[in-house]
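There are 2 protein chains.
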Amino acid sequence: MSRPRRSEHIREALIQAGIEQLSIHGYHGTGIKQILDEVNVPKGSFYNFFASKEAFVAEVIARYSQDLVQQLQGFVAGDGKHLSPKAQLQTIYEFTLSKIANSEFKQACLIGAMSSEMANQSDLCRDQLKAATKTLAVFFTERIQAGQLAGEFRQDVTASELANMYWTTWEGALITLKMHNRLKPAKDTMALMLNVLMA
Amino acid sequence: MSRPRRSEHIREALIQAGIEQLSIHGYHGTGIKQILDEVNVPKGSFYNFFASKEAFVAEVIARYSQDLVQQLQGFVAGDGKHLSPKAQLQTIYEFTLSKIANSEFKQACLIGAMSSEMANQSDLCRDQLKAATKTLAVFFTERIQAGQLAGEFRQDVTASELANMYWTTWEGALITLKMHNRLKPAKDTMALMLNVLMA
Chain A
1 MSRPRRSEHI REALIQAGIE QLSIHGYHGT GIKQILDEVN VPKGSFYNFF
51 ASKEAFVAEV IARYSQDLVQ QLQGFVAGDG KHLSPKAQLQ TIYEFTLSKI
101 ANSEFKQACL IGAMSSEMAN QSDLCRDQLK AATKTLAVFF TERIQAGQLA
151 GEFRQDVTAS ELANMYWTTW EGALITLKMH NRLKPAKDTM ALMLNVLMA
Chain B
1 MSRPRRSEHI REALIQAGIE QLSIHGYHGT GIKQILDEVN VPKGSFYNFF
51 ASKEAFVAEV IARYSQDLVQ QLQGFVAGDG KHLSPKAQLQ TIYEFTLSKI
101 ANSEFKQACL IGAMSSEMAN QSDLCRDQLK AATKTLAVFF TERIQAGQLA
151 GEFRQDVTAS ELANMYWTTW EGALITLKMH NRLKPAKDTM ALMLNVLMA
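Chains as they are written, first to last, in my numbering: chain A, 1 to 199; chain B, 1 to 199.
With the rest of the complex left out, here is chain A (with noise of 0.2 Å):
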């Protein structure tokens, strides 16, 4: 197998920084330099790899949601594999707000700030935060189809519109997270949306 090019390597390092420093900082609030300067790559270099910041911002959307999707595919086939699909949602969302509580409640959904800050700025990122978010609807369809199935969820509302309900439920938790720089409001929040709102 042939190693990776060395600007494949920087191109990478470069996204990976974009996911971390736009969740924390926002559109407006990183800078390119921002993101060179952690790499450690010269600034004139940065327009070798993308054609500008929103194009550089669509793309690190795109990644962000991919790892994203594929971290949840890999947890239901993986280690909750045996949990019930409400199970697996309550381990999902308890799991992603610890992760952010480790961030000091900085980094959170890169999906939510960039739909909330500027997506009406650019198309581009647009069409890239709507494919997200459809794929991740696909997934939360499935699992709350199978809680359905399982007893687990009320059968009056498709699993479609519920699992658009959880994932709208979710992106405002984030911002009372956000607000409050605690888990509980955001937690009891997912918790009577899963067990009681859901049942």
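What the hints contain is simulated information worked out from the structure, not anything from laboratory work.
Hints should not be assumed to be uniformly reliable.
[Unchecked claim] Short derived list, chain A residues pointing at chain B, Cβ under 7 Å:
| no. | residue |
| --- | --- |
| 1 | Gly-29 |
| 2 | Gly-31 |
| 3 | Lys-106 |
| 4 | Leu-129 |
| 5 | Ala-131 |
[Claimed, not checked] Think about it this way: if two alpha-carbon atoms lie no more than 20 Å apart in a straight line, the pair counts; the simulated PhoX-like pairs of lysine-lysine are:
| no. | chain 1 | residue 1 | chain 2 | residue 2 |
| --- | --- | --- | --- | --- |
| 6 | A | Lys-134 | B | Lys-184 |
| 7 | A | Lys-43 | A | Lys-53 |
| 8 | B | Lys-106 | A | Lys-130 |
| 9 | A | Lys-106 | B | Lys-130 |
| 10 | A | Lys-43 | A | Lys-33 |
| 11 | A | Lys-130 | B | Lys-184 |
Virtual Cβ for every residue (Gly too), placed ideally from N, Cα, C.
With chain A's structure known, arrange chain B on it following the hints.
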């Protein structure tokens, strides 16, 4: 009655421009120069009114939420007086969504936008965001409690918990609204919450 001084007019105009610009462009996307240009005020004078951009934004958040709660209370005591609590909540979200559509989905909720983008970067603003959310929670808890008494909402969850859920879903719905640049997904989510999950 003495007329308000000119400086009061300018201060007020700066705050109103702040509400608009920050809602559309976010914290980092809005420069002080931009605000001053809107109001036609020379750059140097900003700091006669506000100690810093941060102090200005904190005041903008406070004013935005005061105005919002006043409008909501005015509606419930006035035009919406003869509606049921559930119909009041429905009218409020439908009216607000139309207003956002009129701004071409650029101007949504300042509280959500600032919480998502910069609550973790400023204690001053975060305190105002928390205070705003608390006041709004009181309003929505009262409406939901009235709806519970009228048999419109489920009673196995407290009005306060439902109010938090309702607000969280609203903030999440505004994120999807900005992403989709259309009303339907947000409208569907709010209708499902109000008519089915909270019923």
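Under 7 Å, Cβ to Cβ, is where Ala-131(A) needs to be relative to chain B, so tell me if that hint holds or is violated. violated (10 Å)
Close enough to count: is the Cβ of Gly-29(A) nearer than 7 Å to one in chain B? holds (4 Å)
Compare the distance between the alpha carbons of Lys-130(A) and Lys-184(B) with 20 Å, and conclude whether the hinted pair is satisfied. holds (14 Å)
Closest C-beta approach of Lys-106(A) to chain B relative to 7 Å, hint status: holds (5 Å)
Interface hint status, Gly-31(A) versus chain B (Cβ within 7 Å): It is violated, given that the least Cβ distance between Gly-31(A) and chain B is near 10 Å, above 7 Å.
For Lys-134(A) and Lys-184(B), compute the direct alpha-carbon distance and say whether it is at most 20 Å. holds (15 Å)
Between Lys-106(A) and Lys-130(B), does the CA-CA distance stay at or below 20 Å? holds (17 Å)
Mind checking the alpha carbons of Lys-43(A) and Lys-33(A) for me, to see if they're no more than 20 Å apart? Since the Cα atoms of Lys-43(A) and Lys-33(A) sit roughly 6 Å apart, the hinted pair holds (cutoff 20 Å).
20 Å limit on alpha-carbon distance, applied to hinted pair Lys-106(B) and Lys-130(A): Cα-Cα ~17 Å, so holds.
Interface hint outcome for Leu-129(A) [beta carbon to chain B under 7 Å]: holds (5 Å)
Next pair to validate is Lys-43(A) with Lys-53(A); report whether the Cα-Cα distance is within 20 Å. holds (13 Å)
Consistency with the previously given hints fails for numbers 2, 5, ordered from lowest to highest.
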